[in-house]
Amino acid sequence: EAQVTQNPRYLITVTGKKLTVTCSQNMNHEYMSWYRQDPGLGLRQIYYSMNVEVTDKGDVPEGYKVSRKEKRNFPLILESPSPNQTSLYFCASSFTRVFGNQPQHFGDGTRLSIL
Amino acid sequence: QKEVEQNSGPLSVPEGAIASLNCTYSDRVSQSFFWYRQYSGKSPELIMSIYSNGDKEDGRFTAQLNKASQYVSLLIRDSQPSDSATYLCAVNDRGSTLGRLYFGRGTQLTVWP
Numbered sequence: 005e006a007q008v009t010q011n012p013r014y015l016i017t018v019t020g021k022k023l024t025v026t027c028s029q030n031m032n033h034e035y036m037s038w039y040r041q042d043p044g045l046g047l048r049q050i051y052y053s054m055n056v057e058v059t060d061k062g063d064v065p066e067g068y069k070v071s072r073k074e075k076r077n078f079p080l081i082l083e084s085p086s087p088n089q090t091s092l093y094f095c096a097s098s099f100t101r102v103f104g105n106q107p108q109h110f111g112d113g114t115r116l117s118i119l
Numbered sequence: 159q160k161e162v163e164q165n166s167g168p169l170s171v172p173e174g175a176i177a178s179l180n181c182t183y184s185d186r187v188s189q190s191f192f193w194y195r196q197y198s199g200k201s202p203e204l205i206m207s208i209y210s211n212g213d214k215e216d217g218r219f220t221a222q223l224n225k226a227s228q229y230v231s232l233l234i235r236d237s238q239p240s241d242s243a244t245y246l247c248a249v250n251d252r253g254s255t256l257g258r259l260y261f262g263r264g265t266q267l268t269v270w271p
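In order, the protein sequences belong to chains A and B.
With the numbering used here, you'll find the first sequence wraps up at 119, consecutive numbering, no jumps.
With the numbering used here, you'll find the second sequence wraps up at 271, consecutive numbering, no jumps.
Calculated directly from the structure, the hints in this document are not laboratory data.
For every residue, glycine included, the Cβ atom is placed at its ideal position computed from N, Cα and C.
Take these hints with a grain of salt, some might be off.
Stated by the list, open to error - As a list, the in silico DSS-like pairs of lysine-lysine whose alpha-carbon atoms are at most 30 Å apart: (1) A:K61 x B:K225; (2) A:K22 x B:K225; (3) A:K21 x A:K73; (4) B:K160 x A:K73; (5) A:K61 x A:K73; (6) A:K75 x A:K21; (7) A:K69 x B:K225; (8) A:K21 x A:K69; (9) A:K73 x B:K214; (10) B:K160 x A:K61; (11) A:K75 x B:K225; (12) A:K61 x A:K22; (13) A:K69 x A:K22; (14) A:K75 x B:K160; (15) B:K214 x B:K225; (16) B:K200 x B:K214; (17) A:K22 x A:K75; (18) B:K214 x A:K69; (19) B:K200 x A:K21; (20) A:K61 x B:K200.
Stated by the list, open to error - Computed from the model, here is a short list of chain B residues facing chain A with C-beta under 8 Å: (21) F192; (22) L204; (23) I208; (24) G212; (25) L259; (26) R263.
Let the hints inform the model, and build the full structure from the sequences given.
Structure, rendered in structure tokens:
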């Protein structure tokens, strides 16, 4: 089954304790992306990756890191989490085409609470 | 910064009515346009994609694209209570970041029985 898998689905942690949210897709997609979603603010892109070893900042990259060492995986790293990073996070992936992107497939989301 | 604007809502329609959701975008070179539906606490799911001017119909859903006016809309005919959700408009960037999508903030739709 084609899917984007995020782990964990829920996490409560404390300020300053490094954490990683994993994302894996089995569709051989080139493009992967991380979003956060907060009430009233919609989906905001954190980082995205066009392919292996190619990543770029989105609209709200501060406090986050990513890596793309393999095509299927795109982990999101919070080196020193703070309460303002409490949010619902989504990973998404898609094929890329020169004349228009293909639709993005979303993971089920990770609800992160930082105390 | 690309801008994608949606009618802010919330939008409330009776069961069986037509719901009309609108979206404008700032980037003239955008090529791909998507509508996603998102239930509360769930991930967005794709319901329509449109790439060329005109209408595209899929069941009760019709997407309309007008690139000259930089406008894309979604019509939901015979609205059902199960259509109650937030609808997200997404537009791709054809420029240097070929894969990047820009999302509007969403329009919350309520269909009442």
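Evaluation of the provided hints:
| no. | hint | verdict |
| --- | --- | --- |
| 1 | A:K61 x B:K225 | 28 Å, holds |
| 2 | A:K22 x B:K225 | 45 Å, violated |
| 3 | A:K21 x A:K73 | 24 Å, holds |
| 4 | B:K160 x A:K73 | 29 Å, holds |
| 5 | A:K61 x A:K73 | 17 Å, holds |
| 6 | A:K75 x A:K21 | 27 Å, holds |
| 7 | A:K69 x B:K225 | 36 Å, violated |
| 8 | A:K21 x A:K69 | 14 Å, holds |
| 9 | A:K73 x B:K214 | 39 Å, violated |
| 10 | B:K160 x A:K61 | 14 Å, holds |
| 11 | A:K75 x B:K225 | 34 Å, violated |
| 12 | A:K61 x A:K22 | 20 Å, holds |
| 13 | A:K69 x A:K22 | 11 Å, holds |
| 14 | A:K75 x B:K160 | 27 Å, holds |
| 15 | B:K214 x B:K225 | 14 Å, holds |
| 16 | B:K200 x B:K214 | 26 Å, holds |
| 17 | A:K22 x A:K75 | 24 Å, holds |
| 18 | B:K214 x A:K69 | 39 Å, violated |
| 19 | B:K200 x A:K21 | 27 Å, holds |
| 20 | A:K61 x B:K200 | 25 Å, holds |
| 21 | F192 | 6 Å, holds |
| 22 | L204 | 5 Å, holds |
| 23 | I208 | 10 Å, violated |
| 24 | G212 | 15 Å, violated |
| 25 | L259 | 6 Å, holds |
| 26 | R263 | 4 Å, holds |
Of the hints listed earlier, those the structure fails to meet are numbers 2, 7, 9, 11, 18, 23 and 24, in rising order.
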